[in-house]
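Student: Could you slot chain F onto chain B? The hints should help.
Sequence lines, in order, name chains B and F.
For the record, in the first sequence the residue sitting at position 95 is 95 according to my numbering, with numbers rising by one throughout.
Count along the second sequence from 1, add 375, and you get the number used in my numbering.
Source of the hints: derived by calculation from the structure; they are not laboratory data.
None of these values were measured; they are calculated from a predicted model.
Backbone N, C-alpha and C define an ideal beta-carbon position, used for all residues, glycine too.
Heads up, incomplete: computed chain B residues facing chain F, CB under 7 Å, no partners named:
#1 Val225
#2 Arg228
#3 Arg236
#4 Ala237
#5 Glu243
#6 Ala247
#7 Met251
Cβ pair distances, simulated, as ranges:
#8 F:Arg500 to B:Leu192: 42 to 48 Å
#9 B:Ala34 to F:Arg523: 23 to 29 Å
#10 B:Leu146 to F:Gln459: 26 to 32 Å
For lysine to aspartate or glutamate, the following EDC-like pairs were computed, each having C-alpha atoms within a straight-line distance of at most 20 Å:
#11 F:Lys465 to B:Glu245
#12 F:Lys465 to B:Asp244
#13 F:Lys465 to F:Asp401
#14 F:Lys590 to F:Asp528
#15 F:Lys565 to F:Asp457
#16 F:Lys581 to F:Asp593
Here is what each chain is made of, one letter per residue.
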Amino acid sequence: MAHSAPETPAKVTMQSAETRRSHDSIWRGLLPLALGMVLALALQFVLPAIVGQYNSRIVMDIGIAMIMAVSLNIVNGMTGQFSIGHAGFMTLGGYTAAMLTYYGSLYMWGAPPAHGHFLGAGEWMMAGACIVGGLVAAGAGYVVGLPSLRLRGDYLAIVTLGFGEILRVVLQQTSKVIEDPAALKAAKWSQLFPPPVGGAIGFADVPKYTNLFWVYTFVTITVVVAYRLKNSSLGRAMISIREDEIASQAMGVNIARNKVLAFVLAAFFAGTAGGLFAHESGVIISPKDAGFQRSFDYVIMTVLGGRGSITGVMLAASILTALPEMLRDFEQYRLIMYALLLIIMMLVRPQGLFGIHEIWQLWPGKGTRTVQKKA
Amino acid sequence: MTANPAPPNAAVPSSKETGKPLLHVDQIGIAFGGLKAVQGFSLNLPTGALYGLIGPNGAGKTTVFNLLTGVYQADSGQMLLDSQNLMGSKPHRIAAAGIARTFQNIRLFPGLSVLDNVRLAGQLRSSHGLLATLLRTPAHQAEEAAIRKQAFDLLAIFDLQDRANEPADSLCYGHQRHLEIVRALATGPKVLLLDEPAAGMNSQEKVELAQAIRKIRDQFQVSILLIEHDMGLVMEICERIVVLDHGVIISEGTPAMIQNDPKVIAAYLGGGVEAA
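Chain B with its partners taken away, still in its complex shape (with noise of 0.2 Å):
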């Protein structure tokens, strides 16, 4: 791009700066991401050394946290639409992305553990299942995105929570790990039913690959999708929905599309952020993730942060994740203090810690110039 600078300003045409300016957004469009993974490379290698193995853990852990609260903001947030089922997702999404590597490499390397370095080929393909995983997450979104068009409110609440569950209880019923890679090549595909993946124990020895600089490419691009979809036509449709149906439809949007499109991008995510959680070391992906409780996590981070507000949700993210941690000694009060907590939020401030607004239009000074402060 550097050699593109006029020489002589005079015989640009408007032709060429025209071109120059669409090839140049290209670029910026793509810019944000290449943002992200640079940070998410200087926090892979800085990190660890400032503050800790066990500390970059809990970083890593944030992460999660922030995939699963952004893309849960998108439909509960966003649109409007409760969702109670997106650890079911998450799930779904890590068991997927945790079969694929896993018995990738049992049957390419022989044996389970982590193969190859930082950005080895392992790691790719952990990348490409967290993918996958996303895909059939987002298929599940789809049908679970569908009663939603009937459903409003507790009912399609209790949908989502039923989506959750249930797969909680099929995921129970799966069969023992498949251990010997001479008895994977052995094996029948009719063996997929129900699949090999561990029962009620959870599937363990899945490989670990997930590190600090995966975790955050996979932010970053659902932060970058998040907002841009925030500030985009498709965005205000889905907004549009959350704040007066009849409205909406008035304006020509198309409800029944809109509203499923926010459950399969959602899940999409949530997926994605599973699979990093089952390649997390320490993690042992088991049914029980896909119930109630950590559904309810989530749920309370987009409340927490805002409805809608991309960064107030990563910010209650964090600290949701954070706090547990650095409160290990009255672990048994969390769930106490979580009740607490959403209590005082919604007596002190109903709408979140920034409403619908980002983090940059609550400066003084800065963005719209009237923010309005209502209590």
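Tutor: Chain F only, in chain B's frame:
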């Protein structure tokens, strides 16, 4: 879409022009259980016409709007916009086909900014899908810029452009009503349905509104159907008036005819002719 081919001062096409009506509604009706809310409603709205729909409270005026916009599905009848059948269409299809409306009790998107309320209509004609949105392709960027510019042009009708970034619910009542009209116009309608646009306005505001409605009709070449309780306004600006009572049309004609129709007087004042 905002381009207005005819300058405002040029001859406006007369409502009495020849040819087929823009909106042709024939004998539509709906019953809620045993209650026949609207029965046998017919209307022929020519291009560029400004018609009024009046009637006592509960006559079924808003129900007619809900039928025309697909919020309710008519039990029977026929509905054509520019020869395109609209019977059984979903509300968003009808909006895309060219019928836009405002609401009696304001239904703005309170959490969206004034600008975004108007910009929302851009998604109707957006040719770019999810991928272009997420990649921010140049074509998509250009389209967003065009949508933004169009929104500002429309906001200028009611001098709302300076308040574009404020939340819609921070506007005062009168401006909210104006914004509803602007938002409806943003969909690029052929027919604009205004549900009590003057409700709650003072007499000065009503005068301005009457001018604005005429201006919109001339500038955008839309046909307007207006529900209004303010008889002064209706009689002043409407070319023809349809009177509804108990879900049926009891009279139709020019303002002068309506004012002298005993059935209309009876419907409003009671007594006199007992409508069976």
